[in-house]
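With the sequences and hints as input, model every part of the structure.
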Amino acid sequence: MGVKQLGIVGQSVKRRDGIGHVTGQTQYVDDVFYTNMLWLKMVRSPISRGIIHGIDTSKAEAFPGVVAVITAQDVPNNWYTILCLIGVEPNDEPVLAHEEVMYIGEPICAIVAETEAIAAEAAALVKLDIEELPPVLDLEFAISPDAPAIKKWGNNTFMYDGYTHRKLRFGDFETAIQQADHIIEGTYSLSPIEHAPIETHCCVVKPEPDGRLTVHSNTQALYFTMDNTAIILQVPSQRLHMIGGTVGGGFGGKVDVITEPITCIAAMKTGRPVKWRWTREEEMRKSSTRAGVRMQYTDGVMNDGRIIARKVRSLEDSGAYHRHSPYGVQKHMANLPGPYTIPNVWVDAYCVYTNRQPSSAMRGFGVTEATFAVECQMERIARTLGIDSWEIRLINAYRNGQMRPVRKVVEDATLIETIQAAAELIGYDLPAHLKAMNSDDYAGNGGHHG
Amino acid sequence: MESITVTFKLNGKTTAVAVEPLASLRTVLREHLHLHATKAGCGQGGCGSCTVLVNSEPVLSCLMLAALADGQEVTTLEGIGTPQHMHPLQAAFFDKFAAQCGYCSPGMIVAAKALLDKNPHPTRAEIAEALAGNLCRCTGYVAILDAIEDVVTQMQEA
Amino acid sequence: MAKHYGRGIAAVNYPTGMNLGGDPTQALIFCQPTGGFSVKLASTDLGQGLKTVIAQIAAEALGVPFDSVIVDTGDTDSAPHCMGTFASRATHRVGNAVIMAANEARKALMDVAADEMEAAPEDLVLENGEIYVKGAPERKTNVFNVALAAHFKYGKTISGRGIYLKQKSGLDPETGACDPDSTEAHATTVAEVEVDDETGEVKVLRLSSAYEVGRQINPEMVKGQIISGAVMGMSHTLTETVFPYYPSLDHHTYGFGEYIIPTALDIPEIESVVLEYPSSNGPYGVKGVGEMTANSPIPAIVNAIYDAIGVWVTDLPVTPEKVLRALDEKALEAN
Numbered sequence: 002m003g004v005k006q007l008g009i010v011g012q013s014v015k016r017r018d019g020i021g022h023v024t025g026q027t028q029y030v031d032d033v034f035y036t037n038m039l040w041l042k043m044v045r046s047p048i049s050r051g052i053i054h055g056i057d058t059s060k061a062e063a064f065p066g067v068v069a070v071i072t073a074q075d076v077p078n079n080w081y082t083i084l085c086l087i088g089v090e091p092n093d094e095p096v097l098a099h100e101e102v103m104y105i106g107e108p109i110c111a112i113v114a115e116t117e118a119i120a121a122e123a124a125a126l127v128k129l130d131i132e133e134l135p136p137v138l139d140l141e142f143a144i145s146p147d148a149p150a151i152k153k154w155g156n157n158t159f160m161y162d163g164y165t166h167r168k169l170r171f172g173d174f175e176t177a178i179q180q181a182d183h184i185i186e187g188t189y190s191l192s193p194i195e196h197a198p199i200e201t202h203c204c205v206v207k208p209e210p211d212g213r214l215t216v217h218s219n220t221q222a223l224y225f226t227m228d229n230t231a232i233i234l235q236v237p238s239q240r241l242h243m244i245g246g247t248v249g250g251g252f253g254g255k256v257d258v259i260t261e262p263i264t265c266i267a268a269m270k271t272g273r274p275v276k277w278r279w280t281r282e283e284e285m286r287k288s289s290t291r292a293g294v295r296m297q298y299t300d301g302v303m304n305d306g307r308i309i310a311r312k313v314r315s316l317e318d319s320g321a322y323h324r325h326s327p328y329g330v331q332k333h334m335a336n337l338p339g340p341y342t343i344p345n346v347w348v349d350a351y352c353v354y355t356n357r358q359p360s361s362a363m364r365g366f367g368v369t370e371a372t373f374a375v376e377c378q379m380e381r382i383a384r385t386l387g388i389d390s391w392e393i394r395l396i397n398a399y400r401n402g403q404m405r406p407v408r409k410v411v412e413d414a415t416l417i418e419t420i421q422a423a424a425e426l427i428g429y430d431l432p433a434h435l436k437a438m439n440s441d442d443y444a445g446n447g448g449h450h451g
Numbered sequence: 023m024e025s026i027t028v029t030f031k032l033n034g035k036t037t038a039v040a041v042e043p044l045a046s047l048r049t050v051l052r053e054h055l056h057l058h059a060t061k062a063g064c065g066q067g068g069c070g071s072c073t074v075l076v077n078s079e080p081v082l083s084c085l086m087l088a089a090l091a092d093g094q095e096v097t098t099l100e101g102i103g104t105p106q107h108m109h110p111l112q113a114a115f116f117d118k119f120a121a122q123c124g125y126c127s128p129g130m131i132v133a134a135k136a137l138l139d140k141n142p143h144p145t146r147a148e149i150a151e152a153l154a155g156n157l158c159r160c161t162g163y164v165a166i167l168d169a170i171e172d173v174v175t176q177m178q179e180a
Numbered sequence: 058m059a060k061h062y063g064r065g066i067a068a069v070n071y072p073t074g075m076n077l078g079g080d081p082t083q084a085l086i087f088c089q090p091t092g093g094f095s096v097k098l099a100s101t102d103l104g105q106g107l108k109t110v111i112a113q114i115a116a117e118a119l120g121v122p123f124d125s126v127i128v129d130t131g132d133t134d135s136a137p138h139c140m141g142t143f144a145s146r147a148t149h150r151v152g153n154a155v156i157m158a159a160n161e162a163r164k165a166l167m168d169v170a171a172d173e174m175e176a177a178p179e180d181l182v183l184e185n186g187e188i189y190v191k192g193a194p195e196r197k198t199n200v201f202n203v204a205l206a207a208h209f210k211y212g213k214t215i216s217g218r219g220i221y222l223k224q225k226s227g228l229d230p231e232t233g234a235c236d237p238d239s240t241e242a243h244a245t246t247v248a249e250v251e252v253d254d255e256t257g258e259v260k261v262l263r264l265s266s267a268y269e270v271g272r273q274i275n276p277e278m279v280k281g282q283i284i285s286g287a288v289m290g291m292s293h294t295l296t297e298t299v300f301p302y303y304p305s306l307d308h309h310t311y312g313f314g315e316y317i318i319p320t321a322l323d324i325p326e327i328e329s330v331v332l333e334y335p336s337s338n339g340p341y342g343v344k345g346v347g348e349m350t351a352n353s354p355i356p357a358i359v360n361a362i363y364d365a366i367g368v369w370v371t372d373l374p375v376t377p378e379k380v381l382r383a384l385d386e387k388a389l390e391a392n
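Chains as they are written, first to last, in my numbering: chain U, 2 to 451; chain B, 23 to 180; chain H, 58 to 392.
For the record, the hints were derived by calculation from the structure and aren't laboratory data. Errors might be hidden in some of the hints.
[What the hints assert, rightly or not] Which residues of chain U face chain H? A few of them, derived with a C-beta cut under 8 Å, are:
1. Arg16
2. Met243
3. Val368
[As the list claims (entries may be wrong)] SDA-like, lysine to any residue: derived pairs with alpha carbons at most 25 Å apart:
4. Lys260/H with Asp168/B
5. Lys97/H with Asn185/H
6. Lys60/U with Glu101/U
7. Lys387/H with Thr256/H
8. Lys379/H with Asp139/U
9. Lys153/U with Ile105/U
10. Lys168/U with Lys225/H
11. Lys97/H with Asp32/U
12. Lys379/H with Ile185/U
13. Lys15/U with Met177/B
14. Lys225/H with Val410/U
15. Lys97/H with Gln12/U
16. Lys287/U with Glu100/U
17. Lys225/H with Pro91/U
18. Lys31/B with Ala136/B
19. Lys31/B with Gln26/U
20. Lys60/U with Ile119/U
21. Lys5/U with Glu277/H
22. Lys35/B with Gln26/U
23. Lys379/H with Gly187/U
24. Lys225/H with Tyr164/U
25. Lys191/H with Leu205/H
26. Lys225/H with Met160/U
27. Lys97/H with Asp228/U
28. Lys207/U with Asp228/U
29. Lys387/H with Ile388/U
30. Lys207/U with Glu53/B
31. Lys225/H with Asp349/U
32. Lys409/U with Ser337/H
33. Lys270/U with Glu100/U
34. Lys387/H with Val368/H
35. Lys60/U with Glu42/B
36. Lys97/H with Asp129/H
37. Lys97/H with Gly21/U
38. Lys164/H with Leu7/U
39. Lys97/H with His242/U
40. Lys387/H with Tyr62/H
The beta carbon of each residue, even a glycine, is placed where N, CA and C say it ideally should be.
Written out as structure tokens, the structure is:
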């Protein structure tokens, strides 16, 4: 299908920032230095789960070169629920812990000092008195009745409109599965992975004479960060001036508003510019990850290869706190059935809490794992039935005009066309009846018109 | 801790700077001498974004004490080319879209220069070997290898 | 001991936009007295090239030379709201907002041009900064002249405002019914692997893919995402994990010495073809590509491993240990 030729759109013009990048002249947040600037280091929980009985900062405060120590008492609104902007509740994560800790690395207090080295050395002098509790780490255990509730609302899942999980119910799975020629099951899982951008988190805040704060940040979302920071600082958003837009790799890992609030508080408390840049170890072990997940598929399949019923149970490991996971699990749920015509779908998608570093957005958020499961399951079906791998996908691919399980009509479908193009690319000659398929034609699909 | 003075040739110019004895060369370059091309990606010697040349050898400046640069020749990306006078490697990286976020680019270009200064006719495999200590999360490396191969071809034709 | 060749395929979709919508982006455009156009955004470029792509879209929509467009981002004091760069939303939403702003600015420009040329705006053509009367191309002027006239003769602003918002959808808690996305991009990847049955190592030989992205604004940048995704998808499948013994916290990775991502030595052959079926609501039909490219390789590789050695390893990452254990299990079952 040809697209209308345009002018500059469609041309491979060279990057506007390309020369800056290749000469090392592009400015990143870590290149921002102010005279009189202080450095911040965070003191973090060494254990996965526990009750804080005492935080003794006296030795750190007395250390030469330390200008301030920031604790929970310094945070005007000590709740860090970044999705409160889209109505996610309740508040579950403090900006700085003071009653309990829920993962190794949870921030407890910040040291602000004349040099980065002094801040790091003084941070090691903070004495923490934390009573250790057994952590909940396994997804199945976390949602079982035997698990201690690590969240204050009494269980270990995010509550969606009164339910412990999100539900997708389309057609009648229970009846349809009885009619299937084959029942094919598969379990698909992955462990958390890290964005690992080459540039770590970094924030520099400069207090201005008029009371505003200039915030240099490598966040992926300037206004989102601004509004969340303002809520934590209990100031109008206009008090903050966010400067950014040039990020050394994000991949979803720089959307957590994880540096700005504390750095702002440090700048306000000291009246001086403050920089907080994360070490690689913090980036690896403390910044959020992709969620670990476990997905179980039960499919009802006919002899001719059509999937007539699909049931999925998915547990996403949110780690210790919400972050973006309650949103991510919803996106995940919508994609668990896959881009296929399946008239009976049942999905239960859980957002589960465990005592590990929180997971959050990462490239493909919620869809990556669904795609992985859907396509491995599709191959499993093909192999079990002895049906060609290309054919099984082309038969089941969704067509324009059909109804998706989320009850949205399929449009802009091009799955079939990409399958055909991939076959052509590798020199694989599809049989004529498969070459003839297209996303507007129901032939060979089983004729589900939605 | 008392500071020490380190005197070395930096991008062709003799430079003296007072530093903490344990300061890394990377910290001194970035924070004392305000040369920001050299990046602070990990501080663990794992990513290569801090690569500079010391006496023409590629070195991870995050793992080298600045004190050890005393009497040596250090070259950073700023000494290799500027926007007004780009080194052919920089022009090739620009031309081939070999920089996306740009954070690994300085280290990559420095490592590539070190290779080409020693071996002007590397194979693609040799180029990849020379760059194996420089991580990129954005490009997938193909454009980077293409850019360097391009310079090799240009040098051969010259 | 043998190396086994295998091939696997995966066909995927990827939604454009924040799930359920409700993620607006705004843009402002103003014209300077000598005809340069400044696009004000608070959006972020993560390296994928947004700043360049938006300049292309603005130049196209305005009808002016690419070099006369300035893209200024991101500063919340001088630019309006953008939800952020994530969910493959940036080119789609920012692009749409910029086109809307460009259309308003262009209309203002043409109204002034019409006054200057004593013609009706609908009789004028604007092409690459040149403005002429349809059918009488010798009657012409340019953006430079019109901008000067607007500022200093007529006292007219040549500027535009744009916003793109997909209304936030609800989600039925009983059925899951919702409107999750603006459009869907699709892709198919074929992976070829070699599995060593003595070491368990999987080597990806080639990734061949077809990506359907609606419209390529900048083909080289789309290719950049395809290659980058292929490499990240490969390492997600085979080597990346923060917790090697998940769900245990043991050996929590510390840095790049333990967290294995590919180097220049590890890349497979990567080939691709890009299809364009313009979406109904993207700027010039754009869908979005940045995340999809890292998704399709993953199941393609796992399926290729099955093809090679007849075992399913469906717990990522597929480490050599897992491959060997799966082969041992298969051997036991056979006996």
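Now the hints, each set against the structure:
1. Arg16: holds, 5 Å
2. Met243: holds, 4 Å
3. Val368: holds, 6 Å
4. Lys260/H with Asp168/B: Cα-Cα ~22 Å, so holds.
5. Lys97/H with Asn185/H: holds, 21 Å
6. Lys60/U with Glu101/U: It holds: about 22 Å lies between the C-alpha atoms, which stays within 25 Å.
7. Lys387/H with Thr256/H: holds, 16 Å
8. Lys379/H with Asp139/U: Judged against 25 Å, a Cα distance of about 19 Å means the pair holds.
9. Lys153/U with Ile105/U: Given that 25 Å is the threshold and the Cα spacing comes to 19 Å, the pair holds.
10. Lys168/U with Lys225/H: holds, 19 Å
11. Lys97/H with Asp32/U: holds, 23 Å
12. Lys379/H with Ile185/U: holds, 23 Å
13. Lys15/U with Met177/B: Status holds; Cα separation ~23 Å.
14. Lys225/H with Val410/U: holds, 17 Å
15. Lys97/H with Gln12/U: Between Lys97/H and Gln12/U the Cα gap is close to 23 Å, so the pair holds against 25 Å.
16. Lys287/U with Glu100/U: holds, 19 Å
17. Lys225/H with Pro91/U: holds, 21 Å
18. Lys31/B with Ala136/B: Satisfied, since the Cα-Cα distance of roughly 17 Å is no more than 25 Å.
19. Lys31/B with Gln26/U: holds, 21 Å
20. Lys60/U with Ile119/U: holds, 13 Å
21. Lys5/U with Glu277/H: holds, 19 Å
22. Lys35/B with Gln26/U: holds, 20 Å
23. Lys379/H with Gly187/U: Measuring from Cα to Cα gives roughly 17 Å; hence the hint holds.
24. Lys225/H with Tyr164/U: holds, 21 Å
25. Lys191/H with Leu205/H: holds, 23 Å
26. Lys225/H with Met160/U: Status holds; Cα separation ~20 Å.
27. Lys97/H with Asp228/U: holds, 19 Å
28. Lys207/U with Asp228/U: holds, 18 Å
29. Lys387/H with Ile388/U: holds, 23 Å
30. Lys207/U with Glu53/B: With a Cα-Cα distance of about 18 Å, the restraint between Lys207/U and Glu53/B holds, given a limit of 25 Å.
31. Lys225/H with Asp349/U: Holds. Lys225/H to Asp349/U sits at ~23 Å (cutoff 25 Å).
32. Lys409/U with Ser337/H: Satisfied, since the Cα-Cα distance of roughly 15 Å is no more than 25 Å.
33. Lys270/U with Glu100/U: Given that 25 Å is the threshold and the Cα spacing comes to 23 Å, the pair holds.
34. Lys387/H with Val368/H: holds, 7 Å
35. Lys60/U with Glu42/B: Given that 25 Å is the threshold and the Cα spacing comes to 24 Å, the pair holds.
36. Lys97/H with Asp129/H: holds, 5 Å
37. Lys97/H with Gly21/U: Holds: Lys97/H and Gly21/U sit about 20 Å apart, inside 25 Å.
38. Lys164/H with Leu7/U: holds, 20 Å
39. Lys97/H with His242/U: holds, 15 Å
40. Lys387/H with Tyr62/H: holds, 18 Å
When the structure is compared with the earlier hints, no violation turns up for any of them.
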